[in-house]
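Two independent chains are provided; combine them into the complex using the hints.
The lines below spell out each chain.
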Amino acid sequence: MSTTTSASPTPSAAKSSSTSLATSAKFKTFAIVFSLTAPILYVLCELLSWPLFTYHPATNRVDLGWAPGRSGEGPAMYWYGWTATMLIGCVALGWLATLLPERVINKIPLALIWLLPVLALAPLAWALMPFWTKG
Amino acid sequence: MSVSTFWTILLIIHGLLAVALLGALTHQAMAVLMPVRQAAGNFVDRFRAVPAAGYATAVCVLWVVTFIMGAWIYTKYRITIRIPIEQAGYWKTQGFFELKEHVVTIGLGVLPAYWYFWKNARDPQYDSPRKWLTVVLAGMIWFSFIVGHVVNNVRGFGS
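As they're listed, the protein sequences go chains A and B. Quick note on the numbering used here: the first sequence kicks off at 1 and runs consecutively. Quick note on the numbering used here: the second sequence kicks off at 136 and runs consecutively.
Next comes chain B alone, as it looks inside the complex (with noise of 0.2 Å):
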């Protein structure tokens, strides 16, 4: 396997579990702003009508291992892809790049709350805050893939 091929796997690697985790944040961000109140109907009702409470560990799990991926990856990053789109005058894509990484590390830094508050979800005192926190992380999550899609466009690792 070339060297090229194992950065490329690792970051498909790392953009899979990025989706899972958009998913499941995207699930539980619907069903605490719009939770459901009857009998789910159609696709919209049963997209937002999940067991939110179930996804909080997964979610935990899953920005961590994401978190670790792109840590490895962003060694790479840094000399053969950054370097590159520096060259080409690519600053705004590189700047919300530096924003992503800031964006993803505090999102990490949240996931004990994010977490206790969902692991009693019973509680009415933590209604609020979970609700937006659940809404926070899922805007950083989708910020984040964008940029890195994008990113990849600019230049993946295989150009």
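Next comes chain A alone, as it looks inside the complex (with noise of 0.2 Å):
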């Protein structure tokens, strides 16, 4: 699908597109997959609970992946450590991505990168059912 845009670069835009990132195979490379996995990792980290760490907010505490929030202590928090999982499992695979041949990421449908987003949207809602049933 092709658009005819007020998009099409501005002369500041073209000379920016030519930054040594945006001309980078190994960037697009990095770029394509960091972006497609990191819909897949956020929704396994929390469906599967993978937190890099557990932060508990009432006592500033930092525990090494997943640990329930302690009686008196307040609540803990799974979310931060979730991140910082998709960041760093994104990071890698994009890396290790770089190293495959351009071939086999030009084979990627490019419409998943933004179809993933959207349909990781279904299995985060709905493991928040308890907040949609309750009351």
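Please keep in mind that the hints were generated in silico from the structure rather than gathered at the bench. Just to be clear, a hint being listed does not mean it is correct.
What the hints assert, rightly or not - Think about it this way: if two alpha-carbon atoms lie no more than 30 Å apart in a straight line, the pair counts; the simulated DSSO-like pairs of lysine-lysine are: (1) LYS134(A) <-> LYS235(B); (2) LYS107(A) <-> LYS26(A); (3) LYS211(B) <-> LYS134(A); (4) LYS211(B) <-> LYS235(B); (5) LYS134(A) <-> LYS227(B); (6) LYS211(B) <-> LYS227(B).
Said to hold, decoys possible - To give an idea of the chain A side of the interface with chain B (calculated C-beta under 8 Å), a few residues: (7) ALA58; (8) LEU110; (9) ILE113; (10) TRP114; (11) ALA120.
Where is the CB? At the ideal position from N, CA and C, for every residue including glycine.
And the structure:
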């Protein structure tokens, strides 16, 4: 699907698009694989409880991996840990993908990059079922 | 400065950054969904006739900075705001806030491809993914902005 748009690059944008990152084949691979794996990893982190660490905001305590909230010490927060797991995983997979031949990366359907974030919302919303059904 | 004032200032900065991000992504989404093919006339035409490619880096920076600010405030929110919201029985409001945190994190994850597609806006193979990824990100930021606004109305830091 092509777009004839006012989005066509301005001189300044065209100039910036000649930066080394924007023209680097390795960065292209890294960016595409990072962005493809981010929604998948995040959903896995949430559904399978894979936080890199658990933060206890009332006591400022940090536990490695998943840890339950302790009695009398307030709630435990996993979102920071899920985000950290996702980012580290995406960087690792993105870097590993740069070792692959470019023709492998060129076979990835680019539509997945916007479809996966949308599809990821279904299991994430489903995991929040207790909030939808209470009250 | 009181503790409450400190967190309120952070929340306002977070909100202002979100407004800037909302504006930038809405301009871009309008530009790719309804491209202008002739000289801009009325307000709507001018709104979508922006040089959208030039917004990409600003959108990425704004998303990251707004995300970091939100993550900082979230520590206070978890103790001071969420617990009273749950005690008051606003479960769906809290559920939408939880969904918002998922949405903005996934949005953060797709920024590298978003940036790359816009920096290669002359390459026609990226036209479709660039267009739809921009629209998805705009939808994400609108959803997050509205949810954040509603949660603040339910129980802002001053309450």
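Each hint tested on the structure:
1. LYS134(A) <-> LYS235(B): 19 Å, holds
2. LYS107(A) <-> LYS26(A): Satisfied, since the Cα-Cα distance of roughly 15 Å is no more than 30 Å.
3. LYS211(B) <-> LYS134(A): Since the Cα atoms of LYS211(B) and LYS134(A) sit roughly 24 Å apart, the hinted pair holds (cutoff 30 Å).
4. LYS211(B) <-> LYS235(B): Holds - the C-alpha atoms of LYS235(B) and LYS211(B) are around 17 Å apart, at most 30 Å.
5. LYS134(A) <-> LYS227(B): 8 Å, holds
6. LYS211(B) <-> LYS227(B): 20 Å, holds
7. ALA58: Since chain B brings a Cβ to about 6 Å from ALA58(A), closer than 8 Å, the hint holds.
8. LEU110: 4 Å, holds
9. ILE113: 5 Å, holds
10. TRP114: 4 Å, holds
11. ALA120: It holds, given that the least Cβ distance between ALA120(A) and chain B is near 6 Å, below 8 Å.
When each numbered hint is compared with the structure, no violation occurs for any of them.
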